[in-house]
Amino acid sequence: MTTLLIKGGRVVDSFSNFDGQADLLIKDGVIEALEKGLKPPSGSETIDAQDLIVMPGLIDMHVHLRDPGYEYKEDIITGSRAAAAGGFTAIAAMANTDPVCDNPTTIHYVLERAGNAAVNVYPIGALTKGLEGKEMAELGRMKNAGAIAFSDDGRPVVNGTIMRNAMQYAAGLDALVIAHEEDLDLAAKGMMHEGSVSSVLGLRGIPASSEEAMLARDLMLLKTTGARLHIAHVSTAGSVQLIRRAKAEGLTVTAEVTPHHLLLTDRAVKNSGYNTNTKVKPPLRSEQDRQALWEGLLDGTIDAIASDHAPHHTDDKDVEFDFAPFGIAGLETTLPLLLDELFSGRIKGLTLSLLVDKMSTAPARILGLNGGALQPGSAADVTIVDPKRSFIVNPETWHSKSRNTPFAGRQLSGAPVWTIVGGSVVMKEGVIAEQE
Amino acid sequence: MQTLRRKDILGLEEMSAEEITLILETARSMREIMQRKIKKVPTLRGRTVLNLFYEPSTRTKASFELAQKYMSADSVSVAGTSSSLVKGETLKDTVRNVEVMGIECVIMRHPVSGSAYYLARNVEASVINAGDGMHEHPTQGLLDMFTILDKKGRLEELKVTIVGDIRHSRVARSNIWGLQKMGAEVVVSGPPTLMPPDLEAFGIKYCPCLEDAVDGADVVMALRLQKERQEGGLFPTLREYAEIYGLTSQSIAKAKDDLLIMHPGPINRGVEISSELADSNRSVVLEQVTGGVAIRMALLYLLMGGVKEE
Amino acid sequence: MALTHKATVMDEKGIMQALRRIAHEIIEHNKGIDDVVLVGIRSRGVPLAKRLQAHLNEIEGISIPLGILDITLYRDDLTERQDQPQVHTTDVPFALDKKHVVLVDDVLYTGRTIRAAMDALIDLGRPATIQLAVLVDRGHRELPIRADYIGKNVPTSSSERVDVKLNEIDESDQVDILEQ
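Residue numbers (our numbering), protein chains in the order written: chain A, 1 to 436; chain B, 437 to 746; chain C, 747 to 926.
The hints are simulated quantities; they were obtained by calculation from the structure and are not laboratory data.
Hints are not guaranteed to be accurate.
To be verified - Here are a few chain B residues that face chain C, going by a calculated C-beta distance under 8 Å: (1) Ser465; (2) Met470; (3) Gln471; (4) Phe671; (5) Gly706; (6) Ser710.
Stated by the list, open to error - Mimicking EDC-like on lysine to aspartate or glutamate, the simulated pairs with C-alpha atoms at most 16 Å apart in a straight line are: (7) Lys473(B) x Asp837(C); (8) Lys476(B) x Asp865(C); (9) Lys443(B) x Asp865(C); (10) Lys476(B) x Glu917(C); (11) Lys692(B) x Glu593(B); (12) Lys796(C) x Asp837(C); (13) Lys528(B) x Glu434(A); (14) Lys752(C) x Asp865(C); (15) Lys475(B) x Glu455(B).
This one's a predicted model, so the numbers in the text were calculated from it and none came from an experiment.
For each residue, glycine too, the CB sits at the ideal point set by N, CA and C.
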C-alpha cells in the first residue's frame with residue numbers, strides 16, 4: 001500500500017465539525033493525519049486538491065444491485081463502478097435478488113463478488129424468507145455471515161405480528177431493521193402519487209396514507225420491541241411528521257430520503273408526457289411533500305440521503321406506463337444533484353457540512369461502519385469533489401448498466417472527481433480505474 | 437385559424453379553443469358529405485391509416501373506419517391484445533411496423549393511460565387517441581361538443597352536468613377540458629368514491645346531490661357505469677346507484693325545459709338513465725353517433741390533408 | 747413578394763354588363779332556363795352566381811335554384827401546399843339529375859379548380875350538362891377545359907395575378923392585373 005497525500009483542499013468532515021483548508025495523509029489504508037502544511041513523505045503520491053473539496057467517503061445505504069438473478073439490469077461490479085463514479089466509497093445492497101438474499105450462502109456470494117468491486121459492498125439480508133412476509137429469515141446466521149442490516153425492501157411486511165416478532169428478534173441481535181412502508185391495499189395497484197396530477201393523467205393513484213398508515217404501525221411496534229428501525233425512502237409530509245414525533249418521544253428510529261423525492265414532484269410525470277423514468281416507489285409526491293422532506297432533512301428528522309438506486313434495463317422501461325417497473329437509477333446522479341442544489345443556493349440552510357453528514361457520517365453511524373469521518377485511524381475512504389465542474393446528465397455515459405433516470409439532460413454544477421476506497425484510488429480525475 | 441399545427445390529437449387538455457373551433461367547423465362541412473347519396477370524397481386517396489385497437493370497441497372503431505372510407509383513405513384495422521403478462525413487447529414492436537409500412541396516421545385505443553403519448557413520441561405518423569386508459573378520449577369529447585353546438589347553437593355559458601363515474605372516465609376528462617375551453621360551465625355529480633381525487637385540478641364544481649347538480653342545466657351527460665366498480669367496493673349495488681344517481685324525470689326536474697340528455701353509450705337502461713328518458717325527444721344519444729363520423733373525418737383531413745410542416 | 751398594380755381591366759359597370767350578357771347567353775344556349783341551375787364555386791363564384799340568378803330572374807321572371815360548392819376536398823394539390831385550405835360546407839339543396847348545371851367562378855386559369863368542381867358535382871348527381879361561366883379567362887390552361895360563357899378574355903403572363911374584387915366580399919367591384 002502506498003502513501004497518499006491530498007494537499008491543499010478544503011476539507012469538510014462533519015464527524016468532527018471541521019471545515020477548512022488542510023492536508024490529508026493516508027497510509028496503509030487508514031487516515032494517518034489531517035493537518036495544515038503536511039510534507040509529502042518520501043515515496044508518497046500527492047493529489048493536488050487545490051480548489052477541490054475533500055470529504056469522508058460517501059455511503060449509499062440503499063442500493064439495488066440486482067445480482068444474483070437480474071444481471072441484465074445491473075451486477076455487483078457495474079453497480080460498484082457506478083457508485084465510485086458517483087463519489088460513493090461504500091454501498092449497502094438490498095436483498096430482493098433471485099435467489100432472495102435471505103440465507104448465509106447468498107450473503108457469502110455477494111461478499112465474494114464484492115471482493116472485486118470498485119467500492120465496499122455490504123449485503124443487507126432479507127427480514128423474512130423469500131421476502132414473503134410469512135416466516136422470519138435466519139437473521140443471526142446472516143449477521144454472522146456479514147449482513148449489515150435486514151430488510152424486505154421493495155415490499156412491506158404486511159402481517160403486523162410478523163413485523164413485531166422480527167423487530168423484537170433483531171433487537172436481540174442488535175441488528176438494524178430497514179422498513180419499506182407501504183400498505184399495499186391502500187396503494188391499490190397505483191402508478192403514481194394520488195392527487196390532482198394523477199387525476200388529470202388518469203393514472204391510478206398511490207395515496208400518501210398508504211405510506212403513513214404502515215409507518216404509524218411500525219412506530220407503534222417500535223415502542224415495545226426496542227429495535228433499531230430505519231425507515232427507507234420517506235416520501236410524504238405526514239411521514240416526516242410521524243418520524244419527528246417518534247424521535248421526540250425517544251424512539252430509536254432513523255430515516256432516509258432519496259434525491260428524486262427531494263427534487264421532483266408528481267408534476268414530472270405530466271411534464272415528461274408519461275415518461276416511465278418518473279415511475280418510482282414511493283411515487284414522486286406533491287410540492288408540499290417535497291418541501292416537508294427538505295424541512296425534515298434540515299431539522300434532523302431525516303438522517304440520511306440514499307439513492308434507492310433501482311436499475312432497470314431500457315427494454316423494461318420502454319413500454320406503456322402501467323407496464324413499466326418502478327424505479328430510478330441514482331448512483332451516478334445523487335451527489336451531483338445535491339451539490340447543484342447546494343451551490344445554487346436554492347435551499348436555505350443546506351450546507352456542505354450538512355450534506356456530508358447526510359451522505360457519509362450519518363449512514364456510517366446508522367449502519368455501524370468504520371467510516372464517515374476523516375480522523376486518524378478511520379478507514380481511508382475519501383471523496384473529492386470539484387465544485388466548478390459542470391456537466392449535463394447523460395445516462396449513455398454511465399458505468400451502470402441501466403439508463404433509467406428522469407434527470408437526463410439536466411445541467412448540473414459540482415461533481416465528484418476522485419474516489420478513494422481504503423487508500424486505493426478508484427476514480428482519478430473523473431475517470432474510473434480499470435479493473436486489474 | 438385555418439390549419440391545425442400539430443402532429444397528433446392526444447387530448448383536449450392540451451388544445452386551444454381556436455383549435456377546437458376549427459375542428460368543429462370543419463366537421464360541420466363534413467356532415468354534409470354524409471347526407472349525400474355518394475358518401476365519398478377523394479381527398480385522402482392513396483393515404484394509409486392504421487386502426488389499432490387494444491381494447492374491444494364497436495362504435496368508435498366503426499366510426500373511424502367509416503370516416504376513413506368517406507375520405508377515400510386506405511386503412512388497415514388491427515385488434516391488438518394487450519396484457520401486462522405479455523411482457524410489454526406488443527406496442528413497441530407495432531411502432532416499428534408502423535414505421536416501415538409507411539402509415540401516415542394511427543388511430544389507437546389502449547387500456548393504459550398515456551400510451552398515446554408513447555406512440556406519438558415513437559412514430560413519425562400522426563396519432564389520434566381513440567381512448568387511452570382513464571386519461572382522455574378526445575374524439576368523443578369533440579363529438580359531444582359538436583352535438584351540443586348543433587342543438588343549442590353555442591357552447592359559451594351553457595351549464596353542462598356530467599353524472600357518474602368521473603374518476604375512471606376518459607370521456608368525462610375530455611369533455612371537462614373541451615367544454616370549459618369553449619366557455620361552458622361544467623358541474624359533476626355522483627358518489628364521492630367515483631370522483632377523481634383533487635377535483636379542483638379540473639376547475640370544475642362537484643355537487644354530490646344530483647337534483648341540485650342539474651339545477652338550471654342546459655345539458656346533462658350520464659356516463660356509463662362499469663360493473664367492476666361495484667366489485668371494487670366503490671358503491672354498493674346497481675339498484676342503489678339507479679335510485680340515487682340515475683337520471684329520471686324526477687331527478688332532472690330542476691333542469692332547464694330544453695335540457696339535452698346525452699350518453700356516450702352503450703346505456704345500461706334503468707341504471708344511468710331511465711328508459712323513458714333515454715327514448716324521449718330530449719335525448720340525443722343517436723345524433724351523437726353521426727357527429728362522431730363527421731368529427732373523425734374532420735380530424736383526418738386536418739391532420740393528413742396538408743403537407744407536414746418540417 | 748410585393749405586387750404592384752398594372753391595369754384595371756373591369757370596373758363596376760363592366761362587370762355588370764358582362765354578367766348581363768352572360769345571362770342572355772345562358773338563356774339563348776339552353777333555349778330558356780327551365781332546367782338550368784346555378785352552382786357557384788367558393789368563394790367569389792358564389793356572389794357572381796347570385797348576380798346571375800338576379801339577372802336571369804329580371805329577364806325571364808323566374809328564380810332558378812342556386813347551389814354553393816366547396817371544392818377543397820377535391821383539390822389535387824393538398825399534398826403540395828404548406829397552407830392547408832379550410833374546408834367549407836357545400837350547399838346544393840336540390841337534385842342535379844337531368845339539370846343543366848352552370849358552374850360559376852371568377853377566374854379561369856389552369857383549369858384545375860374546374861376539374862375539382864366537376865368531380866364534386868358528379869358526386870352529387872348526374873346532370874344533363876355541365877357548363878362553365880367565368881368573369882375572366884386569363885389563359886394558361888393545364889387541362890383540356892374551356893368556358894362556355896366568358897365575361898372578358900384577359901391575356902396575362904403567368905407571373906401576373908388577376909385580382910377580382912366583388913362588393914359582397916371586398917366592398918368594391920373591380921378586376922385588376924397585378925405584377926411583380
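These are the hints, each one checked on the structure:
Restraint check, Ser465(B) versus chain C: the minimum CB separation of about 4 Å is within 8 Å; hint holds. Against a cut-off of 8 Å between C-beta atoms, the interface hint on Met470(B) is violated, since the closest Cβ of chain C lies about 12 Å away. Look at Gln471(B): its Cβ only gets to about 10 Å from chain C, farther than 8 Å, so that hint breaks. Hint status for Phe671(B): violated, given a least beta-carbon distance of 45 Å to chain C, over 8 Å.
About 40 Å separates the beta-carbon of Gly706(B) from the nearest beta-carbon of chain C, more than 8 Å, and the hint is not met. Of the supplied interface hints, the one on Ser710(B) is violated, with its beta-carbon coming no nearer than about 37 Å to a beta-carbon of chain C, more than 8 Å. The hinted pair formed by Lys473(B) and Asp837(C) meets the criterion: a straight-line CA distance of about 14 Å does not exceed 16 Å. Proximity of Lys476(B) to Asp865(C) is assessed by CA-CA distance (about 11 Å); at most 16 Å being required, the pair is judged to hold.
Restraint check for Lys443(B) and Asp865(C): not satisfied, since their Cα atoms lie roughly 30 Å apart, outside the 16 Å limit. For the suggested pair Lys476(B) and Glu917(C), the alpha carbons sit about 36 Å apart, so the restraint of at most 16 Å is broken. With a C-alpha separation of about 14 Å, the suggested pairing of Lys692(B) with Glu593(B) holds against the 16 Å cut-off. In summary, the hint linking Lys796(C) to Asp837(C) is supported, as the alpha carbons are separated by about 14 Å, within the 16 Å threshold.
The straight-line distance between the Cα atoms of Lys528(B) and Glu434(A) is roughly 36 Å, outside the 16 Å bound, and the hint therefore fails. A distance of roughly 35 Å separates the Cα atoms of Lys752(C) and Asp865(C); the hinted pair therefore is violated under the 16 Å criterion. Between Lys475(B) and Glu455(B) the CA atoms are separated by roughly 26 Å; this puts the pair beyond 16 Å, and the hint is violated.
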